[in-house]
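**Q** Single-letter residue listing:
Protein chains: 2
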Amino acid sequence: MKIIVDAMGGDNAPEKIIEGCISALDVVESEIILVGKSQIVEEYLKKFGCKNERISVYNADEVVENEDVPTRAIKTKKNSSMVIGLNLLKEGKGDAFLSAGNTGALMTGALLIVGRMKGVDRPALAPIIPTYTGKALIVDGGSNANCKPENLLQFAIMGNIYMKTTFGVDNPRVGLVNIGTEEMKGNELAKNTYGLLKEAGLNFIGNIEGRDIPLGSVDIAVCDGFVGNVILKVIEGMGKIFGKMLKEEVSATLLSKIGGLFLLSSFKRFKKRMDYTEYGGALYLGLEKPVIKCHGTSKEAAIKYSIIQAENFIKNNTVEKIRENLSFREEKSIESD
Amino acid sequence: MKIIVDAMGGDNAPEKIIEGCISALDVVESEIILVGKSQIVEEYLKKFGCKNERISVYNADEVVENEDVPTRAIKTKKNSSMVIGLNLLKEGKGDAFLSAGNTGALMTGALLIVGRMKGVDRPALAPIIPTYTGKALIVDGGSNANCKPENLLQFAIMGNIYMKTTFGVDNPRVGLVNIGTEEMKGNELAKNTYGLLKEAGLNFIGNIEGRDIPLGSVDIAVCDGFVGNVILKVIEGMGKIFGKMLKEEVSATLLSKIGGLFLLSSFKRFKKRMDYTEYGGALYLGLEKPVIKCHGTSKEAAIKYSIIQAENFIKNNTVEKIRENLSFREEKSIESD
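Line by line, the protein sequences are chains A and B. Take the first sequence: its position 235, counting from 1, is numbered 235 in our numbering, and each next residue is one higher. Take the second sequence: its position 330, counting from 1, is numbered 330 in our numbering, and each next residue is one higher.
Please note that a few of the clues may not be correct.
Distance condition first, Cα-Cα at most 30 Å in a straight line; then the derived DSSO-like pairs of lysine-lysine [as the list claims (entries may be wrong)]:
1. A/135 to B/185
2. B/289 to A/185
3. A/2 to A/315
4. A/135 to B/2
5. A/2 to A/321
In case anyone wonders, no lab produced these hints; they're calculated from the structure.
Use the sequences and the hints to build the structure in full.
**A** Structure follows, in structure tokens:
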């Protein structure tokens, strides 16, 4: 197994990306190919004293920046670490590609270069978020702003296999994001998706409301990419303001500061429970080969866990299993026609 | 001014509703009409030793339950506190109606009995949420699952006047909920709404992402009722799990429990900042007369603040101002045709 990593993508690239890769080598079996300006990347490897033979460098002279317009970046920056990395994946020089760079460019590039899996109409970004009881997958997390019911059905099917194979969730509970729990609730999309999910042979628990996601009532929250992205961002924002407010109130008086010292390890555990780093990045589900979008702010740990996640994904043949599942459904629907 | 209150609606009705009304009398000038089973209501008034002449009771023998199907409840329970209250409002026996009862029934009843304001295509539920810097209005918070760009424009116009008149926000910053800040981002609805909001003469700050709402970057977040309801519920769920996790971690060890004692007032302030009770209930904007939906779990304080909010709303002629603003726009658009 070989995992290709965009060494130049993300706010903390290349240093933290490279550090994350080095840490990952201790826990994964895969080889890692770092794509980026080779001189710089090699300097960092030297700096960190890394002589592991399972890590190699592939030169790429350009970098896709966060400000770049996605389609244009992919078309004009042919020598960027992102485009070269995606091409290496396509050509079979590696089994998965990871980047913390420009999200739009990565999704566009993944579609154009790696391509959709046969039978998948719309690939979907599938990030994992921490919940009260563990974690949940949101699919679509932001790639398709306008969706049809059939798209949401495919998101659910792909998410189901992903949660089973990569995260070992036995019989994932699938919920349809809606504004009420009754079957006939919601907008046209939700109403027309309900029946499809009900008949899909999934562990479909019905409609869920926004609060059910953080509370941990589902393993997979299915929605269009507009709603999914809003959910993700609201969760992110709430996490931020809670952290800020808590810090402010704890440091408000001398007494509270002292109390804060007693609570250091409590706060640490609290923070850890809300940290999504260890679930890795957001997989772009439905491509011919796995592409993982790491958060732009990813540091060492986030990259390390994303590499572990990528290896699990490859090891368990998730792409093959999704393909089988979708083509099986296609055959069945042709038979029943 | 007279405020009509559904004494029987909500999880803590009638006791907490009545208590809230009694507390409100200390701060508002309005009279309050409590609608509900008069014998029970009067017993509570006696129990609380309330002899204030500004509170009166209007008998209603039936109650709309949370489990009732909205349209049916409104059509068959003619003697319910909700239906009678809405009728009193319509007939001019009061200037605003408040209920913590069945949301769907209240919205249906408000539309059928009180009616839409002329010029408003779709009234919208407009709840206030606490943010890092203060508060924000979400409109639509859940009444219209499918919307057109023109609906969102009206939500923004109504929300703008509401925030100005009832909450004294000077020049409310209006943001369009989207999945990126660039003008051409988003689903069809968002793309087609952007231009309308830009030309509306509002303090339109452009597209906002989910995280901007809790961070306090806007005073008014405009979206369809599906997205708005999901946002509200995610915020609610995040608040719940943060509270639960924090409590668990603080009570984990003896040391942390001691620390917790030092932090009692910090936690209290923290909780207060995230509490939306004091902003009152969600106004149903765009009706002929104000109807306020209080949270089903409302206790004394929530009811009290909702009554204050209702009085401000009436005092400042918000309904009239919305009417003027919308008809002014209509004339302008006819002129320009």
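**Q** None of the hints should be skipped; say for each whether it holds.
**A** Each hint tested on the structure:
no.	hint	in the structure
1	A/135 to B/185	29 Å, holds
2	B/289 to A/185	27 Å, holds
3	A/2 to A/315	11 Å, holds
4	A/135 to B/2	49 Å, violated
5	A/2 to A/321	20 Å, holds
In this structure, only the earlier hint numbered 4 is contradicted, and the remaining ones agree with it.
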